Amino acid sequence: MDELKQILAAGPQLQWYLALSAILFTIGVAGVVIKRNVISMFMCIELMLNAVNLTFVAFSSYFRDVSGQLFVFIVMTVAAAEAAVGLGIIIAIFRNRESLDVDEANILKL
Amino acid sequence: MFTTLFFIMFAGMAIGCAISVVYQRNPLYSAISLIGVFLSLACLYITLAAPFIAAVQVIVYAGAIMVLVVFVIMLLNVEEEEHRITKLKYLLPAAILLGLLMLAQVSYVVTQVKADSRIKLSESNVGITESIGTGLFTKYLLPFEITSLLLLMAIVGAMSLARRSATLSPTTRIIPGTQVLPKYLVDPKAKYDPSAVESDTTEQVEKVLGIEGKREE
Numbered sequence: 001m002d003e004l005k006q007i008l009a010a011g012p013q014l015q016w017y018l019a020l021s022a023i024l025f026t027i028g029v030a031g032v033v034i035k036r037n038v039i040s041m042f043m044c045i046e047l048m049l050n051a052v053n054l055t056f057v058a059f060s061s062y063f064r065d066v067s068g069q070l071f072v073f074i075v076m077t078v079a080a081a082e083a084a085v086g087l088g089i090i091i092a093i094f095r096n097r098e099s100l101d102v103d104e105a106n107i108l109k110l
Numbered sequence: 001m002f003t004t005l006f007f008i009m010f011a012g013m014a015i016g017c018a019i020s021v022v023y024q025r026n027p028l029y030s031a032i033s034l035i036g037v038f039l040s041l042a043c044l045y046i047t048l049a050a051p052f053i054a055a056v057q058v059i060v061y062a063g064a065i066m067v068l069v070v071f072v073i074m075l076l077n078v079e080e081e082e083h084r085i086t087k088l089k090y091l092l093p094a095a096i097l098l099g100l101l102m103l104a105q106v107s108y109v110v111t112q113v114k115a116d117s118r119i120k121l122s123e124s125n126v127g128i129t130e131s132i133g134t135g136l137f138t139k140y141l142l143p144f145e146i147t148s149l150l151l152l153m154a155i156v157g158a159m160s161l162a163r164r165s166a167t168l169s170p171t172t173r174i175i176p177g178t179q180v181l182p183k184y185l186v187d188p189k190a191k192y193d194p195s196a197v198e199s200d201t202t203e204q205v206e207k208v209l210g211i212e213g214k215r216e217e
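Chains A and B are the protein sequences, given in the same order.
Okay, so the first sequence: first residue is 1 according to our numbering, each after it adds one.
Okay, so the second sequence: first residue is 1 according to our numbering, each after it adds one.
Hints listed in this document are in silico derivations from the structure and should not be mistaken for laboratory results.
Among the hints, a few may not be true.
Stated by the list, open to error - Derived coverage of chain A by chain B (criterion: at least 3 residues anywhere in the stretch with Cβ under 8 Å from a Cβ of chain B; other residues may be distant): (1) 8-17; (2) 22-33; (3) 41-53; (4) 64-71; (5) 79-91.
Claimed, not checked - Some chain B residues flagged as far from chain A (calculated, every beta-carbon gap over 10 Å): (6) Tyr90; (7) Pro93; (8) Leu97; (9) Ser117; (10) Glu203; (11) Glu206; (12) Lys207; (13) Gly210.
Fair warning: this is a prediction, and the values are worked out from it, not measured in the lab.
From the three backbone atoms N, C-alpha and C, an ideal C-beta is built for every residue, glycine too.
Full structure from sequences and hints, please.
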């Protein structure tokens, strides 16, 4: 009980943030492997990117360096650009195949 | 003490929404759960004294990217996934084994990290907009400029992907020798047939395509 109060008073540690980021990343990887819909796989990729963003910001906060947050800014920009182009590809695939199932998209011929 | 409680609350919300993203069969429910993940991560960034990144996270991720994803889901009218039978039986034990392996690696890394105490928002200038702007325009100017080029590439790529292929109007004259066109561009009714139409005169092209005499003058 005393130790619990001590942990609560000390504030969240860096290890907690890293563990949370690892858990989110693992859930994202599991989603990319399990999901069959292309858009759901894309959303799990965004989840992985956000887990890495959390790691960067946690390190930047605990080591008092702004470079981590700058890199998070750039990662967010890259994710936005990737979202635009990726969703354009998904729409083009859907136009030609009429299906968003990755199991059916197993040959390069349209 | 409140920061610890906030961390536990938002971390639990993030993990719950992340599991919901993977578990839901309807992609629209996954998208809404992902918005929940982004908002709880923004709150975690505030506990880490990074208000600029928290605001940018809400604006860019939850406000732009997820809106785009929801647009696409609604546009393509995506339905729920059906339950399928996994053909590979050894996939689940392999996944559990690799998951435990990754958990061991992460635990080792996490216990080796030694850091000072967490900074408070009131006494730090690491996460405020001014310091991020200063770093972005002095020390990290090259990544900034390259990122702007990347955005230009994304715009051009998205535009060229979204355009439908243009079909020639019937009154276009095909100048012999200057272009070899695929069949589906010249004949508006042809399916996607990329075989080339090569000829010397427009009349020959019409003969090949079978549309002689049908063009309007």
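Structure-based check of each hint:
Judged by the Cβ-Cβ criterion of 8 Å, the stretch 8-17 of chain A is covered by chain B as claimed, because 10 of its residues qualify and three suffice. Check result for the stretch 22-33 of chain A against chain B: holds, 9 residues qualifying (beta carbon to beta carbon below 8 Å, three or more required). Counting residues of the stretch 41-53 of chain A whose beta carbon lies closer than 8 Å to any beta carbon of chain B gives 7, which meets the minimum of three for the stated coverage. Restraint check on the stretch 64-71 of chain A versus chain B: 6 residues with Cβ-Cβ distances below 8 Å, three needed, restraint holds.
Using a Cβ-Cβ cut-off of 8 Å, 12 residues of the stretch 79-91 of chain A lie near chain B, which meets the minimum of three, so the contact claim holds. The claim that B:Tyr90 lies off the interface holds: its Cβ sits roughly 14 Å from the closest Cβ of chain A, which is beyond the 10 Å cut-off. For B:Pro93, the requirement that its beta carbon stay farther than 10 Å from each beta carbon of chain A is met, with the minimum near 14 Å. Separation of B:Leu97 from chain A is adequate, the least Cβ-Cβ distance of about 13 Å exceeding the 10 Å criterion.
With a least beta-carbon separation of about 7 Å from chain A, B:Ser117 fails to lie farther than 10 Å from that chain, contradicting its non-interface assignment. For B:Glu203, the condition that its CB be more than 10 Å from all CB atoms of chain A holds, with the nearest at approximately 32 Å. Against chain A, the non-interface label of B:Glu206 holds: every CB pair exceeds 10 Å, the least being about 28 Å. At the 10 Å boundary, the C-beta of B:Lys207 stays outside the reach of chain A, the nearest C-beta of that chain being 28 Å off.
Against chain A, the non-interface label of B:Gly210 holds: every CB pair exceeds 10 Å, the least being about 24 Å.
When held up to the earlier numbered hints, the structure conflicts with hint 9 and nothing else.
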